[in-house]
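Sequences are here, hints too, so could you generate the full structure?
Protein sequence lines correspond, in order, to chains A and B.
Sequential numbering from 1 applies to the first sequence in the numbering used here.
Sequential numbering from 153 applies to the second sequence in the numbering used here.
Source of the hints: derived by calculation from the structure; they are not laboratory data.
Remember, it's a predicted structure, so these values are computed and weren't measured experimentally.
It is possible that part of the hints are untrue.
What the hints assert, rightly or not - Partial list, derived from the structure: chain A residues whose beta carbon lies under 10 Å from chain B: (1) Ile31; (2) Thr36; (3) Ala59; (4) Val96; (5) Ser97; (6) Gln99; (7) Val105; (8) Ala109; (9) Val116; (10) Gly132; (11) Gln137.
To be verified - Subject to a maximum C-alpha distance of 16 Å in a straight line, what follows is the list of computed EDC-like cross-link-like pairs (lysine to aspartate or glutamate): (12) Lys293(B) - Asp265(B); (13) Lys192(B) - Asp80(A); (14) Lys293(B) - Asp136(A); (15) Lys293(B) - Asp264(B); (16) Lys101(A) - Glu62(A); (17) Lys139(A) - Asp46(A); (18) Lys286(B) - Asp130(A); (19) Lys92(A) - Asp129(A); (20) Lys192(B) - Glu54(A); (21) Lys90(A) - Asp63(A); (22) Lys293(B) - Asp129(A); (23) Lys252(B) - Asp285(B); (24) Lys293(B) - Asp85(A); (25) Lys11(A) - Asp166(B); (26) Lys286(B) - Glu256(B); (27) Lys101(A) - Asp63(A); (28) Lys232(B) - Asp271(B); (29) Lys257(B) - Asp271(B); (30) Lys138(A) - Asp46(A); (31) Lys192(B) - Asp85(A); (32) Lys101(A) - Asp129(A); (33) Lys101(A) - Asp195(B); (34) Lys138(A) - Glu54(A); (35) Lys257(B) - Asp285(B); (36) Lys92(A) - Asp130(A); (37) Lys90(A) - Asp121(A); (38) Lys138(A) - Asp271(B); (39) Lys101(A) - Asp130(A); (40) Lys286(B) - Glu54(A).
Note that beta-carbon positions come from the ideal geometry of N, C-alpha and C, so glycine has one too.
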Amino acid sequence: MAIAKRNEGAKVNSNINVTPMVDVMLVLLIIFMVITPMLQNGVSVDLAQVNNPERMPDAEKEDAMVVSVMRDGTVYFRSDKIPVDQLTQKVKDRLVSQQDKRVYVKADARARFGAVVAVVDNVRSAGVDDLGLLTDQKKVGLGAPRATTGGQ
Amino acid sequence: MSMAVGSGGGQNADMNVTPLIDVLLVLIIIFMVINPPQPKGLDALVPQPPPPNAPKNNTPDRTIVVQLIDRGAGQEPGVKINNEDTTWDGLGARLTDIFKTRAEKVMFVKGDDNVPFADVANVIDIAHASGVDKVGLITAKIEAGG
Chain A
1 MAIAKRNEGA KVNSNINVTP MVDVMLVLLI IFMVITPMLQ NGVSVDLAQV NNPERMPDAE
61 KEDAMVVSVM RDGTVYFRSD KIPVDQLTQK VKDRLVSQQD KRVYVKADAR ARFGAVVAVV
121 DNVRSAGVDD LGLLTDQKKV GLGAPRATTG GQ
Chain B
153 MSMAVGSGGG QNADMNVTPL IDVLLVLIII FMVINPPQPK GLDALVPQPP PPNAPKNNTP
213 DRTIVVQLID RGAGQEPGVK INNEDTTWDG LGARLTDIFK TRAEKVMFVK GDDNVPFADV
273 ANVIDIAHAS GVDKVGLITA KIEAGG
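This is the structure in structure tokens:
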């Protein structure tokens, strides 16, 4: 009995137990995978590309009024598809409680301007006078934004 | 001593998880780095009807309206500044010229229904680049005074 006392030294395992770490990593991975597509407001459209857009950080806010116009002219208010003529009421309802009175129009580059005009008309009837037309930064060559002359 | 003999053996029943962790770490880093790009856009205004008893605007002829004319599908739309034809390349210079001497840098954009939105966005972009502060959108309804 007394001799066997030091025996535990023979079975010491020098490996780190990584199982809890893998668990945490997997959970983090899943969280990031789920959250990444959800961060976008409205539906995803192919935005027009322009040379010098301004930053519009408010368009990303959770309660921003984003109206998306798809290529075929269908209109989405945030992520719900609605007929254009109901847009006025919808925007009016939200405008009461809204801090940011601006409406963001997220129109597909190839949408007919007529469809956008219909949205603008309806949004205007709700009393909005400030619009943000969401666009992308135009990329020239390999992702380098072009230096513009006389830009802001 | 003798009791511990049977449990010897160099076999390790644990799975080698190191490559798995490597892959997971890289994936996590990838997902953390590709945070969605900041939204960007162009500022535009929509003229609201003036209040009924507002004083009449007495400088109507100084308004600049850029018009996009549809030339049929697949064709680049034509541009007009106050009914005067211009080219896409010359638009920026022309606008800079017009607004150089003006205090209120306000412009309006009007477009045919069949013009792609990208071209309208382009005009607004060029206008902003030429120093126009406020770009208003004119629709048929606004023009009719509704």
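These are the hints, each one checked on the structure:
1. Ile31: 9 Å, holds
2. Thr36: Hint on Thr36(A): holds, closest Cβ of chain B at ~6 Å, below 10 Å.
3. Ala59: With Cβ-Cβ at 4 Å, under 10 Å, it holds.
4. Val96: Since chain B brings no Cβ nearer than about 17 Å to Val96(A), farther than 10 Å, the hint is violated.
5. Ser97: 21 Å, violated
6. Gln99: 17 Å, violated
7. Val105: Hint on Val105(A): holds, closest Cβ of chain B at ~8 Å, below 10 Å.
8. Ala109: It holds, given that the least Cβ distance between Ala109(A) and chain B is near 4 Å, below 10 Å.
9. Val116: 5 Å, holds
10. Gly132: This interface hint holds because 5 Å falls under the 10 Å limit.
11. Gln137: This interface hint holds because 6 Å falls under the 10 Å limit.
12. Lys293(B) - Asp265(B): 13 Å, holds
13. Lys192(B) - Asp80(A): 22 Å, violated
14. Lys293(B) - Asp136(A): Roughly 28 Å between the alpha carbons, so the hint for Lys293(B) and Asp136(A) is violated.
15. Lys293(B) - Asp264(B): Holds. Lys293(B) to Asp264(B) sits at ~13 Å (cutoff 16 Å).
16. Lys101(A) - Glu62(A): 14 Å, holds
17. Lys139(A) - Asp46(A): 14 Å, holds
18. Lys286(B) - Asp130(A): Judged against 16 Å, a Cα distance of about 10 Å means the pair holds.
19. Lys92(A) - Asp129(A): At roughly 13 Å apart (the allowed maximum being 16 Å), Asp129(A) and Lys92(A) satisfy the hint.
20. Lys192(B) - Glu54(A): 6 Å, holds
21. Lys90(A) - Asp63(A): 13 Å, holds
22. Lys293(B) - Asp129(A): 15 Å, holds
23. Lys252(B) - Asp285(B): 12 Å, holds
24. Lys293(B) - Asp85(A): 14 Å, holds
25. Lys11(A) - Asp166(B): The hint holds at about 15 Å.
26. Lys286(B) - Glu256(B): Holds: Lys286(B) and Glu256(B) sit about 9 Å apart, inside 16 Å.
27. Lys101(A) - Asp63(A): 11 Å, holds
28. Lys232(B) - Asp271(B): With Cα atoms ~13 Å apart, Lys232(B) and Asp271(B) stay inside 16 Å; holds.
29. Lys257(B) - Asp271(B): With Cα atoms ~21 Å apart, Lys257(B) and Asp271(B) exceed 16 Å; violated.
30. Lys138(A) - Asp46(A): It holds: about 13 Å lies between the C-alpha atoms, which stays within 16 Å.
31. Lys192(B) - Asp85(A): 27 Å, violated
32. Lys101(A) - Asp129(A): Roughly 9 Å between the alpha carbons, so the hint for Lys101(A) and Asp129(A) holds.
33. Lys101(A) - Asp195(B): Measuring from Cα to Cα gives roughly 13 Å; hence the hint holds.
34. Lys138(A) - Glu54(A): Holds - the C-alpha atoms of Glu54(A) and Lys138(A) are around 12 Å apart, at most 16 Å.
35. Lys257(B) - Asp285(B): Holds, at about 5 Å.
36. Lys92(A) - Asp130(A): 14 Å, holds
37. Lys90(A) - Asp121(A): 14 Å, holds
38. Lys138(A) - Asp271(B): 13 Å, holds
39. Lys101(A) - Asp130(A): The hint holds at about 7 Å.
40. Lys286(B) - Glu54(A): 13 Å, holds
In summary, the structure is inconsistent with hints 4, 5, 6, 13, 14, 29, 31 from the numbered list given earlier, while agreeing with the others.
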